[in-house]
Amino acid sequence: MTTKPAASHLLLSTPRRPPPPPPTSRLLLHLSFFLLHLHCFTSALPHQLSRGFSAHPSSNPPPPLSSSSSLSFQPILDDPTGNFSLGFLLLPSPPALLHLAVVHLPSALPVWRAAPAASARWSDSASLSFNGSLIFSDRTGAVLWSAGGSPAGDRLVLLNSSNLQIQKLSGSIVWQSFDSPFDTLVQGQNLTSSATLFSADRRYSMRLGTNYVALYMAAGTNTVMYWQVTALEERAEIVKGAGPIYARVDPLGFLGLYQNETARVHVMAFDTFNRGIPGFRRLTLETDGNLRAYYWNAYSWVPDFTAISDVCELPAHCGAYGVCTMAKGDCGCLDEDRTGDGCLPSDAGNLCGGKFWELRRTGVELPYKDLLVSQKVGSREECESGCQRNCSCWGALYNNATGNCYRMDFPVETLLATGDRHRVGYFKVRNARSGKEGKKEPLVGLVAVLVVGLPVFAGVAMFGAYRMWEYRRRAGGALMEEGISPGSYKEFKNSSSFREIELSGSGR
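Numbers -44 to -1, 1 to 464, taken from mature numbering (1 follows the signal peptide of the UniProt record, and there is no 0), label the letters of the sequence shown in order.
Hints listed in this document are in silico derivations from the structure and should not be mistaken for laboratory results.
Be aware that a few hints might be false.
[As the list claims (entries may be wrong)] Cross-link-like lysine to any residue pairs, in silico, SDA-like; alpha carbons within 20 Å at most:
| no. | residue 1 | residue 2 |
| --- | --- | --- |
| 1 | Lys124 | Ser150 |
| 2 | Lys332 | Gln344 |
| 3 | Lys124 | Asp135 |
| 4 | Lys311 | Cys347 |
| 5 | Lys325 | Thr374 |
| 6 | Lys325 | Val380 |
| 7 | Lys325 | Asp244 |
| 8 | Lys311 | Lys124 |
| 9 | Lys325 | Gly298 |
[Unchecked claim] Here are the in silico distance ranges between beta carbons for each label pair:
| no. | residue 1 | residue 2 | range |
| --- | --- | --- | --- |
| 10 | Arg77 | Lys284 | 25 to 33 Å |
| 11 | Ala108 | Met282 | 20 to 28 Å |
| 12 | Phe229 | Gly298 | 37 to 45 Å |
Computed from a prediction, not measured in an experiment: that's the story for all the values here.
Note that beta-carbon positions come from the ideal geometry of N, C-alpha and C, so glycine has one too.
All chains, full assembly: derive it from the sequences and hints.
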């Protein structure tokens, strides 16, 4: 008869646990669980909505979409593949605001957002309703954003391209999100001449011209072009009167400019152009003002194109009145006396009716100066005076070698340090914004001290002289020996001693 082993033997003979999987395997395992959870969470969502539908945000925002994202998202409508979802999005940047967005679920990235007329906070009193038109309203019932109109649609669908559409039962399109992009173009989406691509903070924009695509920066009340690509028209020429051009991100890895489907007038190639690399593609105007393309490789967004390769060529990399050194990308200030965080406050509007002080710096230029209007002048003084007399001008850049004068009709942002002594910059700084009068401040303070202090000093001197004169008058005989006879203050005032003090005080 066999006997059972001792308990201690059982413990000793228990096989060891297998070693933990490597970090990459653990990451893939967590990602699989996340995608499975996300699929279960969204699989019950409809693929289309009919008239009479309405939805409200939950009383509390849901948890972030993933461990690497801080975005909270409450889905409402799924696309057939489960890659995209329409829903309520909470952006974390203060203040936390409620948005209506289409999100790429595997990456937790919004690829489209409605542009509301006003901001709203997360509240279960806000609502999204569809009754032929799509209406997004806040907790007071005020309409923040709407889409559709006449004729009214019958259903709301989200396509596997991420395009949100209001359709008739016949399938005709009443409205689609592809016609109103926010900060991103996805593959197959057209950017028309009537649409504008904005950065998330709406400071930068991308628009089409008659034969070009360009990036702009909002600068005060103006917009400044800082990047431009003109169509080369290598395959087809732009025909005047045949319609405006449009842009589209192609799955082969380029941004194409077209006048019609058979007339591609320009190709802006990405890094993976014609290399047969699959993956969903997007082109995004980011909050630093750069335009970048990416493709999704099933795990992450891979960079594929950057419009501006050097950070010093970004229009506001170093902030207002900043200077960027191209070799390192280091930031400094136009006013070399200023150190530490920030240079001078950013500004807006114009200088009409306001006071300003002047700042000059050699060896600087705007990286996009060739996109500004320039004129030939005879001297640096002529270039500066033209700006000085114009209250809408904030600065002027002069090239002593060429005689070109570039005028800046917008508040000063980042300049590029060139080290070229032929390039001279002249800039205005508003007094009220800077809290000082620039380099004139020490002189102004000295004048103020002299204006206030001299009369006080003269008064003290006269009082002291009068006391001395009174003392001598009382001394009697001693004063007679000096040839001064006793008398009143009136007599003292008319004396030569008083006049000497008075002249001494006024001479200062």
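Hints and how they fare:
| no. | hint | verdict |
| --- | --- | --- |
| 1 | Lys124 x Ser150 | 24 Å, violated |
| 2 | Lys332 x Gln344 | 17 Å, holds |
| 3 | Lys124 x Asp135 | 17 Å, holds |
| 4 | Lys311 x Cys347 | 10 Å, holds |
| 5 | Lys325 x Thr374 | 13 Å, holds |
| 6 | Lys325 x Val380 | 13 Å, holds |
| 7 | Lys325 x Asp244 | 19 Å, holds |
| 8 | Lys311 x Lys124 | 60 Å, violated |
| 9 | Lys325 x Gly298 | 24 Å, violated |
| 10 | Arg77 x Lys284: 25 to 33 Å | 42 Å, violated |
| 11 | Ala108 x Met282: 20 to 28 Å | 56 Å, violated |
| 12 | Phe229 x Gly298: 37 to 45 Å | 41 Å, holds |
Hint violations for this structure: numbers 1, 8, 9, 10 and 11, all remaining hints satisfied.
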